[in-house]
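Assemble the complex: chain H is given as a structure, and chain U must be docked to it using the hints.
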Amino acid sequence: MALSMEEQIADARPETGIRSRQVRRFFRRPGNIVGLALIVVIAVVGVGAHWIAPYGANATNFSDALAHPSMAHLLGTDSLGRDVLSRIIYGTDSSILASLGAVLMALIAGSVIGLVAGYAKGTVLDEVLMRIIDAVLVLPPLVLAMALAFIFGQGLLNAIIAIAVVFSPQFARVVRSKVLTVRELPFIEAARGAGAGHARIMLRHILPSVIQPALVLATLSIGNAIILEASLAYLGLGLQPPNPSWGFMVSSDVNYLSQAPWLIFAPSVAIALSVFAVTVVGQGLQEL
Amino acid sequence: MAQYLIRRVLLSIPTAFLVATIVFSLVHLVPGNPAVVILGVQASPSDVKMLDQQLHLNLPIWQQYLDWLGQLIQGNLGTSMIYQVPVLQLIFQSLPRTIELSLVAMALSILIGVPAGLFAGFYHGRLWDRISLYLATVGVVLPGFVIALLLIYVFTYRLHWLQIAGIAHTGTAVWISPLAYLVPGLTLAFGLSGPLMRILRTEVRAVAMSDHIRTMRMMGSSEGRIMWKWTFKNALIPMITFLGTQLGLLMGGVVIIENIFSIPGMGNLLVTGIFNKDYPVVQGCVLAMAFMVIVVNLLVELVYAVIDPRISYR
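The listed protein sequences derive, respectively, from chains H and U.
Numbering-wise, the first sequence is residues 1 to 288 according to this note's numbering.
Numbering-wise, the second sequence is residues 1001 to 1314 according to this note's numbering.
Here chain H stands alone, though its shape is the one from the complex (with noise of 0.2 Å):
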């Protein structure tokens, strides 16, 4: 059966999809399959927290308040008594899912955006979008999330909203910018010519060529999303407590930092190995 002309045009597009050649590549460097093995444990963690923490995330016993690291309690236990290690494993899916979430978010509103305003290039729509794009960069990251965060109101989907709005200037530059150059290909025109309307041109035809340098900014925000979100949990901007988010852990026992340095640093080493793992893992697809 003779193919319809959108598969034709669909046929003429560049190539987008991934090769097993790349695939094997990646696997060659050894900093990418740790970056990838740590990112399997952290989603089992997470996934699993409730199977395989010890302890509750808000079991209090005040008489194992600020014990040291033991076989009990592998990590200590904090102020109140909880056991670190568990709520370092309970917050695992509040930290993880939140940066993902923002940035899922900013690639989806950012694309859009990008998308939208590169395929009107040149109208005032266009101008409109960038100028505020523009406008919303020069505010600085954590600013703005902190302010966004203060407006919404405290809670972790405030948070991942914040964060979304923040990152999602970046995704509709990069959108954008390829929009511009492929745009004037000649399959654009083909499909214009078959009679594609805007809507189908944008989405069918644009975006599979425009996705790839947005999934590549994706993957290399989500350790800053992971910092960023740390960061305004810290402020007590982010999940409300006794929910355990690791930014809060550790800006809820600063004070106890000579006497049980382990209070601070084992959320930290979660919040630093789990931004390593992605950055690594964002970094190998990158060179792709």
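Since the hints were derived computationally from the structure, they do not count as laboratory data.
Predicted model only: the values in this text are computed from it and were never measured.
Note that CB positions come from ideal geometry on N, CA and C, so glycine has one too.
Take these hints with a grain of salt, some might be off.
Cβ-to-Cβ under 8 Å is the rule here; a few derived chain U residues that face chain H [unchecked claim]:
hint: 1; residue: M1251
hint: 2; residue: L1270
hint: 3; residue: A1290
Here is chain U on its own, set in the frame of chain H:
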């Protein structure tokens, strides 16, 4: 030159205006009444109404915007609801501490990042290159507050170096107690010097291959002279670009670091403003920080024009 200067300054006005508009709409267009947020959900309707009037929230939104913009142009950022003093006054009180801290951080990151980057670039692939790359990764992977607490722990509780200098007395100007700025500055520099080092490393690698360096080497210039006089000069522009663009991130870092070291700067003003639900202060701080970024971006462009003869003052 003067013409170029004026043009650049004029071009940044629309950006500043747009930033101001965004900051205004952040506070006013988000669903929910600020008065209710400030007073709490249980507040009586009459109290809410009174605060509405006090904050002019009862006026139509466009009128609020125009009033606010008019006040802003006159340099009036409103009055703090907690301290009952003009927000601008609070900002001017805390601004010096923040600028000092940022400058110390920038200086330290240059002191660490530039030599590290130059050496890493010159001895590409050797042990030093690899160590510095790993250190740079550590600096990127750790959030600012973790680095700060780590440094406090090591310097204060392990080495006992900072007991006399006192890390909690940073309310003074940097020239009065320079030591007090050392650890907070180092914390910020830790995150900055890594990327700075990487940029210099790449730049050095690129320049080291170029014809004019080969010629200098052939003519018998010493390696040290090549490194500092010829390569470093070429790497200046990307370096300034980087430091200029990092100011926004630095401002974010400053917020956390000021909080940890109790430095009474803009960051602390913002955090206290947020916890006091002091809307005018929050709005003013965000705006002031954004304007600082705009001004620095402008300065960076002017510095380019001065140091790079290829950029003409058109």
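Hints and how they fare:
1. M1251: Holds: closest Cβ of chain H sits about 4 Å from M1251 (chain U), inside 8 Å.
2. L1270: Nearest chain H Cβ about 7 Å off; hint holds.
3. A1290: Holds: closest Cβ of chain H sits about 5 Å from A1290 (chain U), inside 8 Å.
When held up to the earlier numbered hints, the structure conflicts with none and fits them all.
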